[in-house]
Amino acid sequence: MGKTFIINVVLLLLISCQGEKNTTVSADDTAFEISIEKWPKKSNLSAKTQESLKDWPEFNALETSFDAIYAIKNREDLKLVLEDLIEKQKLLQDSDYPEAFNKAQIKSRQKVFHTFILKTKGDLIYRIDVQKSAVQMIGAHNAMLEQMNVLTGNTFDLKMLLDEE
Numbered sequence: 077m078g079k080t081f082i083i084n085v086v087l088l089l090l091i092s093c094q095g096e097k098n099t100t101v102s103a104d105d106t107a108f109e110i111s112i113e114k115w116p117k118k119s120n121l122s123a124k125t126q127e128s129l130k131d132w133p134e135f136n137a138l139e140t141s142f143d144a145i146y147a148i149k150n151r152e153d154l155k156l157v158l159e160d161l162i163e164k165q166k167l168l169q170d171s172d173y174p175e176a177f178n179k180a181q182i183k184s185r186q187k188v189f190h191t192f193i194l195k196t197k198g199d200l201i202y203r204i205d206v207q208k209s210a211v212q213m214i215g216a217h218n219a220m221l222e223q224m225n226v227l228t229g230n231t232f233d234l235k236m237l238l239d240e241e
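In this text, residue positions in the sequence shown follow our numbering: the first is 77, and each later residue adds one.
Please note that a few of the clues may not be correct.
[Claimed, not checked] Each computed DMTMM-like pair below joins lysine to aspartate or glutamate, with the alpha-carbon atoms no more than 25 Å apart:
{"hint": "1", "residue 1": "Lys166", "residue 2": "Asp153"}
{"hint": "2", "residue 1": "Lys195", "residue 2": "Glu163"}
{"hint": "3", "residue 1": "Lys130", "residue 2": "Asp199"}
{"hint": "4", "residue 1": "Lys124", "residue 2": "Asp172"}
{"hint": "5", "residue 1": "Lys117", "residue 2": "Asp153"}
{"hint": "6", "residue 1": "Lys187", "residue 2": "Asp153"}
{"hint": "7", "residue 1": "Lys130", "residue 2": "Glu163"}
{"hint": "8", "residue 1": "Lys124", "residue 2": "Asp143"}
{"hint": "9", "residue 1": "Lys155", "residue 2": "Glu175"}
{"hint": "10", "residue 1": "Lys187", "residue 2": "Asp205"}
{"hint": "11", "residue 1": "Lys114", "residue 2": "Glu152"}
{"hint": "12", "residue 1": "Lys197", "residue 2": "Asp143"}
{"hint": "13", "residue 1": "Lys197", "residue 2": "Asp239"}
[Said to hold, decoys possible] Here are the computed distance ranges between Cβ atoms for each label pair:
{"hint": "14", "residue 1": "Lys114", "residue 2": "Val86", "range": "54 to 62 Å"}
{"hint": "15", "residue 1": "Leu88", "residue 2": "Ile201", "range": "43 to 51 Å"}
{"hint": "16", "residue 1": "Met236", "residue 2": "Gln181", "range": "15 to 23 Å"}
{"hint": "17", "residue 1": "Tyr173", "residue 2": "Asn120", "range": "19 to 27 Å"}
{"hint": "18", "residue 1": "Ile162", "residue 2": "Leu88", "range": "55 to 63 Å"}
Hints in this document: simulated from the structure, not taken from any laboratory.
Note that beta-carbon positions come from the ideal geometry of N, C-alpha and C, so glycine has one too.
Taking the hints into account, I'd like the entire structure generated from these sequences.
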């Protein structure tokens, strides 16, 4: 009787453990599509700003890398673009700024842009939806470009105003 009971318990356990063998979770990174249609467009630089920036190769390299963000198709493409942006951002940070852009307004916006690049990369690593952080990153980049336009478009001469007093 004892052997029969143990055999029945073992058989019952084996039968109950074999239910639903086909429940597998597939994590396919190649199927992850990113919708760039909802992302804001890149701000344009004014002609005067472009003229001022033409001799700053580190900034031009960053802009070229940033333009690639609008051509991504999947998670791996975005990962490669973000890695390139991080490298170009470090080079820009260590470069010699032109006098017109060697200001705290530009450097602080550049740090914010760098922060959102890292946030987007973190979302990729932890497999979180990157839409929100990518929009924030593009917004930070646009804010930096718009501040450059403001600095070059500003014709107000504070020194001349202070000398007249």
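### Query
Of the numbered hints stated previously, which ones are contradicted by the structure, given in increasing order?
Those not satisfied are hints 3, 9, 13.
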